[in-house]
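Student: Here is what each chain is made of, one letter per residue.
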Amino acid sequence: MSTIISLYRANVKEFIRDRAALFWTFAFPIVFIVLFGLIYGGTNSVSYNVVVIDHDNTAISKQLVGVFNKVSAFKIKNESQSQANSDLKNGQLDMLIVIPAGFSAQINAKNPANPAQVQMFYDGSGNQTNAQVERQIVQEVLTGFNQSIAPYTPPVALNIQTISAKNLSTVDYLTPGIMAMALMQLGLFATVAPLVTLRQEQVLRRLGATPLPRWQLLASQILFRLTIGLLQCGLILWVSTTFFHVNIVGSPLLLLGLILLGAVMFISLGYLIASLARTVEAANGIATALNFPMMFLSGIFFPLAFLPAFLTPIVRALPLTYLADAFQQVAVGSVPQFSLLTDVLVLVGWIVVCTALSARLFKWE
Amino acid sequence: MATKSAASNISSASGTSSAIVAENLRKTYGSTKAVDGISLEVRHGEIFGMLGPNGAGKSTTIEMIEGLRAPDSGHIVVLGLAQPRDATAIKQRIGIQLQTTSLYPKLTVTEILDLFHKFYKNRKMLTTEDLIRIVDLDEKRNTRSKDLSGGQKQRLSVALALVNDPDIVFLDEPTTGMDPQARRQLWDVVLDLKSQGKTILLTTHYMEEAEKLCDRVAIVDHGHIIETGSPNELIHRYFSDTAIEFQDSQHAGLDAYRQLAGVSSVSGEDGRVLLYSSDVPRTMAALLERESGSNALRDLNVRTATLEDVFLKLTGRALRD
Chain A
13 MSTIISLYRA NVKEFIRDRA ALFWTFAFPI VFIVLFGLIY GGTNSVSYNV VVIDHDNTAI
73 SKQLVGVFNK VSAFKIKNES QSQANSDLKN GQLDMLIVIP AGFSAQINAK NPANPAQVQM
133 FYDGSGNQTN AQVERQIVQE VLTGFNQSIA PYTPPVALNI QTISAKNLST VDYLTPGIMA
193 MALMQLGLFA TVAPLVTLRQ EQVLRRLGAT PLPRWQLLAS QILFRLTIGL LQCGLILWVS
253 TTFFHVNIVG SPLLLLGLIL LGAVMFISLG YLIASLARTV EAANGIATAL NFPMMFLSGI
313 FFPLAFLPAF LTPIVRALPL TYLADAFQQV AVGSVPQFSL LTDVLVLVGW IVVCTALSAR
373 LFKWE
Chain B
3 MATKSAASNI SSASGTSSAI VAENLRKTYG STKAVDGISL EVRHGEIFGM LGPNGAGKST
63 TIEMIEGLRA PDSGHIVVLG LAQPRDATAI KQRIGIQLQT TSLYPKLTVT EILDLFHKFY
123 KNRKMLTTED LIRIVDLDEK RNTRSKDLSG GQKQRLSVAL ALVNDPDIVF LDEPTTGMDP
183 QARRQLWDVV LDLKSQGKTI LLTTHYMEEA EKLCDRVAIV DHGHIIETGS PNELIHRYFS
243 DTAIEFQDSQ HAGLDAYRQL AGVSSVSGED GRVLLYSSDV PRTMAALLER ESGSNALRDL
303 NVRTATLEDV FLKLTGRALR D
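Chains A and B, in that order, give the protein sequences. Count along the first sequence from 1, then add 12; that gives the number in the working numbering. Count along the second sequence from 1, then add 2; that gives the number in the working numbering.
By construction, these hints were calculated from the structure, which means they are not laboratory data. Keep in mind that this is a model prediction, so the values were computed, not measured. Just to be clear, a hint being listed does not mean it is correct.
Said to hold, decoys possible - If you anchor each label on the Cβ, the simulated ranges turn out as follows:
#, chain 1, residue 1, chain 2, residue 2, range
1, A, Leu242, B, Met127, 31 to 37 Å
2, B, Gly179, A, Arg372, 52 to 58 Å
3, B, Gly152, A, Arg328, 48 to 54 Å
4, B, Ser75, A, Arg372, 21 to 27 Å
5, B, Arg274, A, Ala371, 54 to 60 Å
Where a beta carbon is used, it is the ideal one built from N, C-alpha and C, also for glycine.
Please put together the full structure from these sequences, using the hints given.
Tutor: Here is the structure:
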């Protein structure tokens, strides 16, 4: 154990004496938070002006109106349909939802060819990303609603928490994403190049000339990187909660577990890349090539709904998508893309695959 | 391939007299036979040198004995323990200096030495203070390893090889890249280790280093050991004669010198003539008579033969080309 601690301390000393590494590890994610925080401010929350018109006026349709009323991202206005139509055109209104007459009758008819419908109007010339978020929220509401009125289950109260229990500000949304990004870069940049350098400069070889068991070296390296990951996430959470009023709603223990899981996942990916790359240049090339798609296609800076559908297979292949989703739903309670169990299982799967391949492919000299 | 009985012969032979026994080592990289059937035996307490040009297979051989590389075939016994079976136990008792060592670049000399102490268990070790004194790095104790000069880095890497107060010290080209003063300093360190009873196996392509340090030398070329013996033995085995060397400004050709009294052999390169003579006074007289009146015999040098001459004679090539 004392050997692992000594190696761990050697890692720490090397790290804190490397100003560039310090900057990229700690300053870079904080710069993101501060920049976005200042641009969007703490109060600029995402909320939409919405009018809901109920032509059906039955118990079922009223239940649905009630659900829309509870969506905190929606500011429901009380207007006539014609007023709402003209407001939509002036940009006074973001969305008009109409429940047509006969809505509940169609539901009760249970004809799959002719399902009950809700109409949604929005300004197609306006901000497309807003429109997509609005559509997504309405879709979520209807999905939940459908489940609640399904005939083979007893009617249940809608769980609107999954829709978005609170107004998410931009910084709220970004904080978990930046944590996920920091852990990804811990694996891609703070693991791959240093490992390849240790091999290229024959440090691994020199250590191999002593009786030091390899697992102790490995344990010290992984412990060191887990520490860095925890410090990064801690710092990001501290800055965003202290200066930008981000409210962390999830269980701290669950969040800690997810941070460790994400860190292990990306460190194992780092070892796999270090197994494949022979030179530091190649290592950095692979890391950069993976960094960019993950940064922009994993829902870190904007919701996945903003991305065109043809990117979906890529989005679903990237491990960062699942880590960011897990962080977002646990830390700030945003709309989940996948269930938390799915996120965790995908991450564990990546860990198993990366570790198995690294164990086979990693070269010590 | 050695048979089982050959293997048991090695372990019985390794009992007390030999620190290292290597038998019929082979290592091939692609189509290159880096080591092609090398056998050697190093006795306790001696300095044994492998002398040869770059690429001769010295480093590969020493690394196979250290346990850092697996031989394709052959048997190795170190301190009565077999490689690779007892590799970890062997590593506890040997000290290894690698040809190129760069370590944690931002750690200081003291920090790196302290760290390496943790890798060895259950041994009486040399303290960091001892090590710094032995390799004379006191002024640099708090310098980060990346800021050390080439020679200082070499001395640090020798110190790392001594951390566990090893029974055998392996030094791979220990003075390469050092200035003459640092080289002499390191030679003193090596001789001092020998006086403490340690066994040393080193590789070098400096014949002066081999002559100065080694009790016995193996001359290695193209993955083979061509000759083994003490430097004096080797020189006298091949040269009872004295070397007479000079610049051939008359371009008379080598045959012209072969006829001179006492000359046993003649060779030359780049206009330089090298005669070996069994009777220096007669050869010199004949030479001076032949060259009288001219300003030939520039850079005349009369000397006893060296390992360099032995190497030249055995391989037809100079040691450093």
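Student: Given the range 54 to 60 Å, decide if the beta-carbon distance of Arg274 (chain B) to Ala371 (chain A) lies inside it.
Tutor: 58 Å, holds
Student: Is 52 to 58 Å respected by the C-beta to C-beta distance linking Gly179 (chain B) and Arg372 (chain A)?
Tutor: 37 Å, violated
Student: If I claimed the Cβ atoms of Leu242 (chain A) and Met127 (chain B) lie 31 to 37 Å apart, would that claim hold in this structure?
Tutor: 35 Å, holds
Student: Range first: 48 to 54 Å. Now tell me if the beta carbons of Gly152 (chain B) and Arg328 (chain A) are that far apart.
Tutor: 53 Å, holds
Student: Range hint 21 to 27 Å: satisfied by the CB atoms of Ser75 (chain B) and Arg372 (chain A)?
Tutor: This hint holds: roughly 26 Å between Cβ atoms.
Hint compliance for this structure: hint 2 is the single one not met.
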